[in-house]
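A.B. asks: If you want the building blocks of each chain, they are given just below.
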Amino acid sequence: MPKNCHTKNTNNARSQMIHLTNTPIDTNQILTDVQADEAGAVVLFLGTTRVVTDGKVTKSLDYECYPEMAEKKLTQLEDTARSRWPIIHAIIHHRLGHLEIGEASVAVAVSCAHRRDAFEAGQWLIDTIKEEVPIWKKENWADGSTEWVHPGAETPCEKPE
Amino acid sequence: MIQVKLFAAAKQFAGTETATLNLEGPVALHELRRMLIKEHPALDAILPSARIAVNTEYVADETLVNESDEIAVIPPVSGG
Numbered sequence: 001m002p003k004n005c006h007t008k009n010t011n012n013a014r015s016q017m018i019h020l021t022n023t024p025i026d027t028n029q030i031l032t033d034v035q036a037d038e039a040g041a042v043v044l045f046l047g048t049t050r051v052v053t054d055g056k057v058t059k060s061l062d063y064e065c066y067p068e069m070a071e072k073k074l075t076q077l078e079d080t081a082r083s084r085w086p087i088i089h090a091i092i093h094h095r096l097g098h099l100e101i102g103e104a105s106v107a108v109a110v111s112c113a114h115r116r117d118a119f120e121a122g123q124w125l126i127d128t129i130k131e132e133v134p135i136w137k138k139e140n141w142a143d144g145s146t147e148w149v150h151p152g153a154e155t156p157c158e159k160p161e
Numbered sequence: 001m002i003q004v005k006l007f008a009a010a011k012q013f014a015g016t017e018t019a020t021l022n023l024e025g026p027v028a029l030h031e032l033r034r035m036l037i038k039e040h041p042a043l044d045a046i047l048p049s050a051r052i053a054v055n056t057e058y059v060a061d062e063t064l065v066n067e068s069d070e071i072a073v074i075p076p077v078s079g080g
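These protein sequence lines map, in sequence, to chains H and Z.
Just so it is clear: in the first sequence, position 44 is 44 by my numbering, and no numbers are missing.
Just so it is clear: in the second sequence, position 36 is 36 by my numbering, and no numbers are missing.
Only chain H is shown next, with the shape it has when bound in the complex (with noise of 0.2 Å):
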């Protein structure tokens, strides 16, 4: 569908908008799709690779995921903040394998007729994402020791170099 063409979002051109990628994320191309004639705010938070964990520092991340039930969950949380929320456009796009510092593990784009309801919802989802989504990181620290993160665990998931 043209890019000018001022129809409804379909729930065809939904599925497109859950994204997981092994490419860096198009913050560009996410904040141009997920506007609208109807909506008056966009919000888009992206996840940004921290230097400085509790002291230590990383050189990189890698992430992993259960595909089937990552893509699956995603799309129920969307569903879940559309009977929430008055949402016209939600972009969810999550990077996996390889990445380095300064490149965004996450992008999340809401666009609402009214700010508060594109901030609540795009919050939520964020969150949510983070509690529910099949999706692992690993840090790969600067002294060359790697580690699954995993809050909660009991046992630190540290491999040493």
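Everything labelled a hint here was simulated from the structure, so no lab data went into it.
Nothing false has been slipped in among the hints.
Derived lysine-lysine pairs resembling BS3-like cross-links, with alpha carbons at most 25 Å apart:
no., chain 1, residue 1, chain 2, residue 2
1, H, Lys138, Z, Lys5
2, H, Lys138, H, Lys72
3, H, Lys130, H, Lys59
4, Z, Lys38, Z, Lys5
5, H, Lys138, H, Lys59
6, H, Lys130, H, Lys72
7, H, Lys56, H, Lys138
8, H, Lys72, Z, Lys5
9, Z, Lys5, H, Lys130
A partial selection of chain Z residues facing chain H, derived with a Cβ cut-off under 10 Å:
no., residue
10, Ile46
11, Pro48
12, Ser49
Beta carbons are placed, not taken as given, at the ideal position from N, Cα and C, and that holds for glycine.
Place chain Z on chain H using the hints.
C.D. replies: Below, chain Z alone, put in the same frame as chain H:
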């Protein structure tokens, strides 16, 4: 034979992305957890805090599974 997908630290500790249990169903997930640790003792470090997904949905430990189910160990997630 019941196959269980392993991810992240679970895969790392067990040294495989698929655990195979010599079981025929139906078996409750809490029993499956015990069998996994028996087969791969290193999983003890992560399994207690992990959820288990059956056919790509989180389910309670009372759930019964058999060979035809897709079962996955889901350690605490860290995406986003």
